[in-house]
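As given, the protein sequences belong to chains A and B, one line each in that order. Quick note: the first sequence, position 33, residue 33 per the numbering used here, numbers continuous. Take any residue in the second sequence, count from 1 to its spot, add 118: that is its number in the numbering used here.
FYI, nobody ran anything at the bench for these hints, they're computed from the structure. Where is the CB? At the ideal position from N, CA and C, for every residue including glycine. You may find that some hints are simply not true.
Footprint (simulated), chain B over chain A, 3 or more residues, beta carbon under 8 Å [stated by the list, open to error]:
no.	region
1	87-93
2	97-106
Simulated DEER-style distance windows between Cβ atoms [claimed, not checked]:
no.	chain 1	residue 1	chain 2	residue 2	range
3	B	Asn345	A	Asp61	55 to 61 Å
4	B	Asn186	A	Thr34	39 to 45 Å
5	A	Val41	B	Glu321	24 to 30 Å
6	A	Arg79	B	Arg170	41 to 47 Å
7	A	Asp83	B	Asp176	24 to 30 Å
8	A	Thr34	B	Ile163	37 to 43 Å
9	A	Asp83	B	Pro268	21 to 27 Å
10	B	Asp159	A	Gln78	46 to 52 Å
11	A	Lys116	B	Ser264	43 to 49 Å
12	B	Asn189	A	Trp55	57 to 63 Å
13	A	Leu47	B	Thr281	24 to 30 Å
14	A	Gly109	B	Lys197	35 to 41 Å
15	A	Arg79	B	Arg196	36 to 42 Å
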Amino acid sequence: MKLKVLPPTLRKNNRYLTVDVKATSPIVKDELVTIVWDACVRFQGELNTGNFNLWVMKFYDMDETEKYYSYKAIIRCQRGYVDEVRSSLALATKYNNSRISITTVGLSGTIKASQKYI
Amino acid sequence: MFFDLNVKGNSLENNIDLAIEASKYGWKHINFSYNQNEFKDALEIKGDLSQRLNDIIDFDYTLEIKSNNVNEIRKAVRKFRNKSSCISVMGGDLKVNRAVVENVQIDVLSRPYFRRYDSGLNHILAKVALRNNVAVELCFKDVLKSYLAPRSKIISNFKDVYTLYRKFGFPLILSSRAESVFDIRTTHDFVSFFTQTGLNPVEVESSFLTAANILKFNEDRDKMILNGVRRVDDEA
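Go ahead and model the full structure; you've got the sequences and the hints to work with.
This is how it looks when you write it as structure tokens:
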């Protein structure tokens, strides 16, 4: 049985971060999920990360260059914790011995609006 | 205005890649830093660099002096003062930290906490830095490249510097010290990180202003007769 959808007043308010990901070796969406959670748990701790309501909504392959593979993704987080999430993501540097870099290039209130940064 | 006074300078192509990426992420001005041995060679590629980066981003050079010898630092400062828009000295050694904040010809004391268990600053050095207008620089890359306990210690050192900064008001600048495109972040991420470590957004903004003021002050440095007295060329 499916749970009934919460009324709007009881729903959490979300923000959607469009992130620019660079990596020296190719990554897939599941790996980005691990990277995002690890980065947040490492910088903000387990207790704070529980508030963030993190979810990788979309993942896009972009053009690769000679030096790195480039991706973009839309990550959901809870309103009021945007600074915490973006600073944690900015501090991610390595995954499986390859270099990565994540930086937030856009912030919006809906997925549709966040797609303009892709 | 987003100013970054410490982006690690390298070859021409690498500098161009860094500058383009920085411009894409919202930076308005970057300074490529070279140490005293590389600075002369770097001046030779400055013309090509300014041609290639025309209309993309403003840039300039920072001389970053690395030495534990106070006399050597003084010599290098005298030699390059007129050729560089910003002179910073790598801190970490207590003697160097003290000598740098006492020298009015130096603009920046970079990373006073480097390889130390404390922040490398105390109330006395803070007062002297304010009197001589020497800025203290904190680098984002130190946190980026460390992890777990060392990262916590560096953030703790940052917090000690913030405490002194709030009490004594010496100039504080924040920089990325990016070496490659993997180390550059958007200006918003940069501000978010420093607000998370304990600065407020106004203080972060004033650190960018301080960086801009250092460059502006050094443009007029040769016209300064005394502190507060400047030769004016305007005939009216």
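Hint compliance check: list the failing hint numbers for this structure, sorted ascending. 11, 14, 15
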